[in-house]
Structure formats: structure tokens, C-alpha cells
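Colleague: These are the residues of each chain, in order.
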Amino acid sequence: MPVKGWIEVDDMHCKGCALCVSACPQDVIALNMDRLTPKGYHPAHLIDEGCTGCAVCAIICPDAAITVFREVPVHSKKAPESA
Amino acid sequence: MTAPAKPEVKVVFQRPESFTDLTTHYCPGCTHGVAHRLIAEVIDEMGLREKTIGVAPVGCSVFAYKYFNMDFVEAPHGRAPAMATGIKRVLPQNTVFTYQGDGDLASIGMAEIMHAAARGENITVIFINNAIYGMTGGQMAPTTLPGMTTTSSPFGRDVELTGFPIRMSEMLATMDGTGYIVRRSLHDVKNIRKAKKALFMAFETQERGLGFSMVELLSSCPTNWKIDPSKSLEFIAERMVPVFPLDDFKVNPELTKKRA
Ligand SMILES: Cc1ncc(C[n+]2csc(CCOP(=O)(O)OP(=O)(O)O)c2C)c(N)n1
Ligand code: SF4
Ligand code: SF4
Chain A
0 MPVKGWIEVD
10 DMHCKGCALC
20 VSACPQDVIA
30 LNMDRLTPKG
40 YHPAHLIDEG
50 CTGCAVCAII
60 CPDAAITVFR
70 EVPVHSKKAP
80 ESA
Chain B
0 MTAPAKPEVK
10 VVFQRPESFT
20 DLTTHYCPGC
30 THGVAHRLIA
40 EVIDEMGLRE
50 KTIGVAPVGC
60 SVFAYKYFNM
70 DFVEAPHGRA
80 PAMATGIKRV
90 LPQNTVFTYQ
100 GDGDLASIGM
110 AEIMHAAARG
120 ENITVIFINN
130 AIYGMTGGQM
140 APTTLPGMTT
150 TSSPFGRDVE
160 LTGFPIRMSE
170 MLATMDGTGY
180 IVRRSLHDVK
190 NIRKAKKALF
200 MAFETQERGL
210 GFSMVELLSS
220 CPTNWKIDPS
230 KSLEFIAERM
240 VPVFPLDDFK
250 VNPELTKKRA
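Heads up: the protein sequence lines correspond to chains A and B, in order.
Residue numbering for the first sequence follows numbering that gives the first Met the number 0, starting at 0 and increasing by one per position.
Residue numbering for the second sequence follows numbering that gives the first Met the number 0, starting at 0 and increasing by one per position.
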């Protein structure tokens with residue numbers, strides 16, 4: 000079973016630069032054109048299943064706006080390496 | 000039969016502790032933010048936050064002191080290495096770093112950086128090379144690429160008239176007082192990871208008292224380059240890296256040995 004991850008994008012910090020959109024290896028991020036942040040940007044959001052929690056988006060993000068989570072099965076002996 | 004255990008949730012990535020909650024004033028997609036975050040992460044991971052004193056420059060990063068959750072002072076334009084020298088000499092137990100743009104470090108502050116390196120001051124310099132003066136509206140910097148259009152070279156930098164880009168890392172590495180001088184880039188995840196490792200080494204150089212350390216980071220300025228953030232990263236890779244090669248120019252051999 001593929002690793003399940005997800006991201007949370009902080010509205011206060013995201014400036015809609017879209018660097019995460021082009022960096023995501025799973026192609027599951029887009030700018031949300033239906034919403035504006037309080038600062039007036041279209042924020043990044045997940046658009047599909049398939050996030051693996053690889054944190055590539057968070058590493059390229061110039062505003063530390065992305066928090067990345069990953070499910071860790073309790074039975075596995077070794078937790079997946081962090082990014 | 001027992002129900003399968005619920006998977007635990009692990010936080011893989013979050014804002015570093017050494018950051019305040021403030022949103023930066025940087026333009027969307029500007030890699031000044033990436034450089035800030037890497038410094039904060041490294042300071043967190045090395046456990047240096049309580050004793051670190053940063054020196055902010057004049058340039059777009061003039062407000063850097065607001066974004067780091069640690070002690071900071073603000074230097075006059077180009078003078079950050081001089082201020083860092085004073086602070087480090089008075090407080091040698093503290094970790095002192097400057098954060099400077101290419102206008103700040105390689106133009107108005109050329110004398111201060113050269114002499115700080117020549118004296119072998121035990122400070123760390125983070126040098127943001129975006130080949131332009133960002134804050135003041137995109138004028139030509141000493142690092143502007145030949146042919147590159149800026150507001151003060153609207154027909155492209157003419158090397159006959161204005162000379163060639165200065166390679167600071169190569170030049171500083173010739174100084175005997177330096178312990179660690181490298182150039183890295185922020186244009187993709189692989190290079191960002193390498194940049195972070197270099198920052199570790201630079202702070203380690205200072206912690207071990209091995210002299211002046213500097214990490215030059217090739218950085219973007221989407222606003223004044225007038226290129227979108229993503230294409231700006233391509234500009235770094237395709238146009239800047241050939242002029243500013245990514246390399247280690249000085250590594251004190253002590254650094255590659257394991258600590259006793
Ligand atoms: C003594 C002095 N001279 C000139 C200026 C105007 N000035 C402000 S920022 C800057 C250059 C900034 O460029 P850089 O250091 O490359 O930083 P960036 O904004 O690109 O990050 C200049 C010339 C000043 N503030 N003080
Ligand atoms: S954590 Fe990785 S897979 Fe998930 S959204 Fe970010 S870049 Fe894409
Ligand atoms: S002007 Fe350039 S260097 Fe300054 S914040 Fe904007 S993009 Fe970054």
C-alpha cells in the first residue's frame with residue numbers, strides 16, 4: 000500500500016507563488032482559484048489523492064507555509080525516513 | 000480477531016522553531032524565504048538558537064531580524080561583517096552570522112567583507128547572490144550577468160562599459176583566514192538540500208573556531224528579473240550557474256575529520 004500523506008497550507012503565509020505546484024512529484028497540488036487568502040492570494044491546496052508526504056513542496060516553499068503529515072503504520076518496525 | 004491498529008500520524012515537515020509567526024514581506028516566490036528557512040532549520044538542529052546573534056543587512060532582507068526568533072541587530076549598508084566582528088570579539092561564546100545581498104556584500108560592503116575574511120574573523124556569512132539590487136528597483140549589481148537587463152542596464156550589461164561579474168567566493172577563498180567558502184544554489188529541491196548541508200558546515204566551522212565561513216547562495220528575484228517564480232528558478236540553473244559555478248572553494252581539512 001502506498002504511503003499516505005497530506006499537507007496543510009497556512010493561509011497567513013502562502014503567497015500563491017506556485018513553486019510547490021510544479022515541484023510536487025505526484026502532481027496533486029494546484030492553486031485554489033475559487034478562494035483568496037486574507038492577504039489576497041490564491042493559496043495552494045491538494046487537488047487529488049496520492050500525496051505521499053515526501054515534503055518536496057515544503058522544501059521548495061519560500062514561506063514555510065506548508066506542514067506535511069504522513070501516516071505511519073503502527074506495526075512497521077521502522078518509521079519511514081523523514082525528508 | 001483484533002481490529003487493525005490505527006496508523007499514527009507523523010509530522011514530516013513544519014515551520015522551524017527559529018522562525019517567528021510573521022509573514023515575510025518578500026515577493027511571492029522569492030528564494031530569500033528559502034534561505035531564511037534553511038538557516039532557521041540549521042540553527043534549530045544544531046541547538047544554537049539561544050546563543051545566536053544575527054546581523055541583518057540593507058537590501059530586501061533589511062527586515063530579516065523580524066523573522067528569526069533570536070537576537071538580531073541591523074547593520075548599515077554593507078557593514079554587517081564589521082558589526083559581526085565587534086559582536087563576536089566581545090561575545091566569543093556566541094554564534095554570530097551576517098545575512099547579506101550581493102549589492103550589500105559585493106558593492107558598498109566590499110571592503111568590510113574582504114577585511115573580515117583577511118582577518119579570519121570567526122563569523123559566518125550567508126551571501127545571497129541574486130545578480131541584482133532587489134530592494135531599490137532592480138539596478139545592476141557587481142554580480143549582474145553579462146548581457147543581463149536591469150533598470151540601470153536597460154540594453155543588457157555591457158562588459159566594455161561596466162566590467163564583469165565578481166565571483167566573491169573564489170576571491171575570498173584565497174584569504175588564509177577563511178575556513179569554509181562554498182557556493183550553492185536554491186533553484187531546486189536537490190540543491191536546496193545541498194545548501195542546507197553547507198550551512199551546517201559553515202556554522203560548524205564557527206563552532207570549532209576554524210575561521211571565517213561563507214555560504215554563497217544563488218537566489219531568485221522574480222520581481223526585478225521580471226520572470227515568474229518558477230521560470231526564475233530555471234534562470235538560476237541555466238544562466239547563473241554557468242557564471243557562478245557551484246563548488247567548494249575552501250574547506251578546512253579539520254572539518255572533514257570527525258569531532259574527537
Ligand atoms: C549607504 C546607502 N547607500 C545606498 C542605499 C540604497 N540601497 C538600499 S538596498 C541597496 C542594494 C540592495 O541590493 P542587494 O544587497 O543585492 O540586496 P537585495 O535587495 O537584492 O536582496 C541599495 C543600493 C542605502 N540604503 N544606503
Ligand atoms: S508532500 Fe510530496 S506528494 Fe505530498 S503534496 Fe507535497 S510534494 Fe506532493
Ligand atoms: S524585490 Fe526581488 S529580492 Fe526583493 S523580495 Fe522581491 S523578489 Fe525578493
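Derived from the structure by calculation, the hints contain no laboratory data.
Here a beta-carbon is modelled for each residue, glycine too, at the ideal position from N, C-alpha and C.
Take the hints with a grain of salt, since some may be wrong.
In silico DSSO-like cross-links for lysine-lysine, where the CA-CA straight-line distance does not exceed 27 Å [stated by the list, open to error]:
| no. | chain 1 | residue 1 | chain 2 | residue 2 |
| --- | --- | --- | --- | --- |
| 1 | B | K5 | A | K3 |
| 2 | B | K189 | A | K3 |
| 3 | B | K65 | B | K195 |
| 4 | A | K38 | B | K230 |
If you anchor each label on the Cβ, the simulated ranges turn out as follows [unchecked claim]:
| no. | chain 1 | residue 1 | chain 2 | residue 2 | range |
| --- | --- | --- | --- | --- | --- |
| 5 | B | P91 | A | D26 | 49 to 57 Å |
| 6 | A | D26 | B | V10 | 42 to 50 Å |
| 7 | A | G49 | B | K256 | 29 to 37 Å |
Colleague: Hint by hint, which ones does this structure get wrong, listed from lowest number up?
Modeller: 6, 7
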